[in-house]
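Colleague: Residue numbers (our numbering), protein chains in the order written: chain A, 21 to 157; chain R, 21 to 157; chain S, 21 to 157; chain W, 21 to 157.
Worth flagging that the hints you see were computed from the coordinates, not collected in a lab. A few of these clues could be false.
Computed cross-link-like contacts, DSSO-like style, restricted to lysine-lysine with a CA-CA straight-line distance of at most 30 Å [said to hold, decoys possible]:
| # | chain 1 | residue 1 | chain 2 | residue 2 |
| --- | --- | --- | --- | --- |
| 1 | R | K50 | A | K104 |
| 2 | W | K45 | W | K147 |
| 3 | A | K147 | R | K104 |
| 4 | W | K35 | S | K104 |
| 5 | A | K104 | R | K35 |
| 6 | S | K121 | A | K121 |
| 7 | S | K45 | R | K121 |
Since the structure is predicted, the reported quantities are computational estimates derived from the model, not experimental observations.
Spelled out, the chains give:
There are 4 protein chains.
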Amino acid sequence: MTLKEFLNNGDIFAKRNGIQITEIKPGMAKAQMTVTEEHMNAGRICQGGALFTLADLVFAALVNQRENMAFAINSTIYYHVAGKLGSTLTAEGHFTSTHPKVPAAQVVVTDQDGTHIATFTAQGYTKSMPNSFSGLE
Amino acid sequence: MTLKEFLNNGDIFAKRNGIQITEIKPGMAKAQMTVTEEHMNAGRICQGGALFTLADLVFAALVNQRENMAFAINSTIYYHVAGKLGSTLTAEGHFTSTHPKVPAAQVVVTDQDGTHIATFTAQGYTKSMPNSFSGLE
Amino acid sequence: MTLKEFLNNGDIFAKRNGIQITEIKPGMAKAQMTVTEEHMNAGRICQGGALFTLADLVFAALVNQRENMAFAINSTIYYHVAGKLGSTLTAEGHFTSTHPKVPAAQVVVTDQDGTHIATFTAQGYTKSMPNSFSGLE
Amino acid sequence: MTLKEFLNNGDIFAKRNGIQITEIKPGMAKAQMTVTEEHMNAGRICQGGALFTLADLVFAALVNQRENMAFAINSTIYYHVAGKLGSTLTAEGHFTSTHPKVPAAQVVVTDQDGTHIATFTAQGYTKSMPNSFSGLE
Numbered sequence: 021m022t023l024k025e026f027l028n029n030g031d032i033f034a035k036r037n038g039i040q041i042t043e044i045k046p047g048m049a050k051a052q053m054t055v056t057e058e059h060m061n062a063g064r065i066c067q068g069g070a071l072f073t074l075a076d077l078v079f080a081a082l083v084n085q086r087e088n089m090a091f092a093i094n095s096t097i098y099y100h101v102a103g104k105l106g107s108t109l110t111a112e113g114h115f116t117s118t119h120p121k122v123p124a125a126q127v128v129v130t131d132q133d134g135t136h137i138a139t140f141t142a143q144g145y146t147k148s149m150p151n152s153f154s155g156l157e
Numbered sequence: 021m022t023l024k025e026f027l028n029n030g031d032i033f034a035k036r037n038g039i040q041i042t043e044i045k046p047g048m049a050k051a052q053m054t055v056t057e058e059h060m061n062a063g064r065i066c067q068g069g070a071l072f073t074l075a076d077l078v079f080a081a082l083v084n085q086r087e088n089m090a091f092a093i094n095s096t097i098y099y100h101v102a103g104k105l106g107s108t109l110t111a112e113g114h115f116t117s118t119h120p121k122v123p124a125a126q127v128v129v130t131d132q133d134g135t136h137i138a139t140f141t142a143q144g145y146t147k148s149m150p151n152s153f154s155g156l157e
Numbered sequence: 021m022t023l024k025e026f027l028n029n030g031d032i033f034a035k036r037n038g039i040q041i042t043e044i045k046p047g048m049a050k051a052q053m054t055v056t057e058e059h060m061n062a063g064r065i066c067q068g069g070a071l072f073t074l075a076d077l078v079f080a081a082l083v084n085q086r087e088n089m090a091f092a093i094n095s096t097i098y099y100h101v102a103g104k105l106g107s108t109l110t111a112e113g114h115f116t117s118t119h120p121k122v123p124a125a126q127v128v129v130t131d132q133d134g135t136h137i138a139t140f141t142a143q144g145y146t147k148s149m150p151n152s153f154s155g156l157e
Numbered sequence: 021m022t023l024k025e026f027l028n029n030g031d032i033f034a035k036r037n038g039i040q041i042t043e044i045k046p047g048m049a050k051a052q053m054t055v056t057e058e059h060m061n062a063g064r065i066c067q068g069g070a071l072f073t074l075a076d077l078v079f080a081a082l083v084n085q086r087e088n089m090a091f092a093i094n095s096t097i098y099y100h101v102a103g104k105l106g107s108t109l110t111a112e113g114h115f116t117s118t119h120p121k122v123p124a125a126q127v128v129v130t131d132q133d134g135t136h137i138a139t140f141t142a143q144g145y146t147k148s149m150p151n152s153f154s155g156l157e
C-alpha cells in the first residue's frame, strides 16, 4: 500500500468530509476539497475545521514520508479569505524543518483562482515505529 | 433564535460530524462530541481536525455572545493525549481577552475521565454587523 | 546549583533585559520584569519580544524540572493589553501536558493590578541529556 | 522620518539587543542580528526571545508600510535549528494576508549559510491612526 492509499482510505474523517490527497512527492504533498453545503458554518462560509482538516491531511502526507511514523503535536492556522461555497480548495505543503524527531511543515490553502485562503503551520513527533509503505503515490 | 440554536443548526459541518454546543453562559461555552468510527484518522485515533472543529464551535459560541458578529482569524491547537474511539469529549472555553475588536479565548478539550486531550487558543475579529439572538441558550 | 540559579545566571539575554525567575515549585514557575525605557518599542509600549522572553524563561523553568534537559520547539503568544512603562509584569506558568518527550505549558502574563497582558503557550522537546540541579530554588 | 529610521531608533528594546532593520521594500522587510554572548540562554544557544524580537521587528516594518498604524496581536514561532554564537542571522518577511484591518505575515530567520533557523507567523491589528513616514527607507 502506498502512503497516498493509506491516507485516502484510512483517514475516515477526511474522506467523509470530501478531502483527498491528490499528490505526494518527496518533500511535497497536496490535497483537495470542493466546498459544499456540508462544509458550511453558521455564517455560511467554509468551517475553519474543514480548512484545518484539509491542511492537516497534507501534513500527515509530509511527515510520514520518512522512515518512522509521525503525527502532529501542534498546529496553527491563519485564515486570510473566507472559503466560499462551490470553491475548489487546494492545500500544498512543504517541510520547514526536517528534524529527525520533531519535523515542521507549512501548508498553504488556495482556491481555484489562486487566492490565498489560509496558512497552516504544524510540528510533528516521530515515533520509533517504522512506516512500511510501498511508495508515496 | 438563541445563539445555541443558531450554531447547532447552522454549523452544518459541526452538526454532520456529531458536534453540538451543550451549554452557553456569559463568558463560557461547552460543546460535546463522542468519538466514533467516523472521526478516525489513518492512525486509528481521533483526527486532529475533529478535535479542532469541536473547539472551534465553542470559540464561535463565545465571541458571538457580544453585540456584533465575530469570527476566528487564527487558532492554535496543542495535542496532549490521543482522542480514543468511544470517548466522549467535552470542550470548554473562556475568554482570555474581551477586546472589543479582536477578542481571544482558550478552549480545553477533556475526555469523560477528565484527561486533558487538547488545548486550543484563538483570536477573533468583530465585524460591524449586529448579532440578534433571542438569548444564549 | 539550583534550577533557579542556573536560569537566572545562565540566561544572559533574560538577565540583561531585567527578567528574573522569582519562584519555582513542582509544576509551577514565575518570573518578573519591570517595564522600563529599555523595553519600549517604537510605539512606546513594551516590545512583544520582552513579554515573550519573560514567558519563555518561565517555560524553561517548567520543562527543566524533570529528569532530562528540554527546550522549546515552538511558542505562540497572544497580546491582550499593552505592557505600560513602569508596570511590573509577572509571568506564571503551568504544564498543559507532561508528555515525557514533548511537554507543553501555558504561561499567563499579568501586571501589578492583575490585568491579563498576554497568554503564551509552548511545546518543548526533551533530550536524552540528564539535568543535575541540586533543587528547584 | 522614514519607517526604517522610526523603527531603528524608536524600538529601544530591539536596538539595545543588537537588532536593526536593514531593508524595507513594498511588501518585504529584512532585519539582522549577530549572535553575541549577550543573546545566550542558559543552554548556551541564542535565546528564543532574541530570535522572536528579530522577527517581530520585521513584522512591524511590514504592517506599518500601510496607511494606518498597526501592531501585532499574536505571533507563533517554530524553532528549527539553534542560533549559534557568532552567527549573523537575517529575518526576511512577506505578507500572507493584506487584509485592511487584520493583516498577516510570515518571517523566516536564516543564518549566514542559509540554514533555516526559525519560522515566525503573526497577525496584526490596524488602528484608525494614520502613519506619516517620509518613505520606507
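Colleague: Quick one: which hint numbers does this structure break? Sort them smallest to largest.
Modeller: 7
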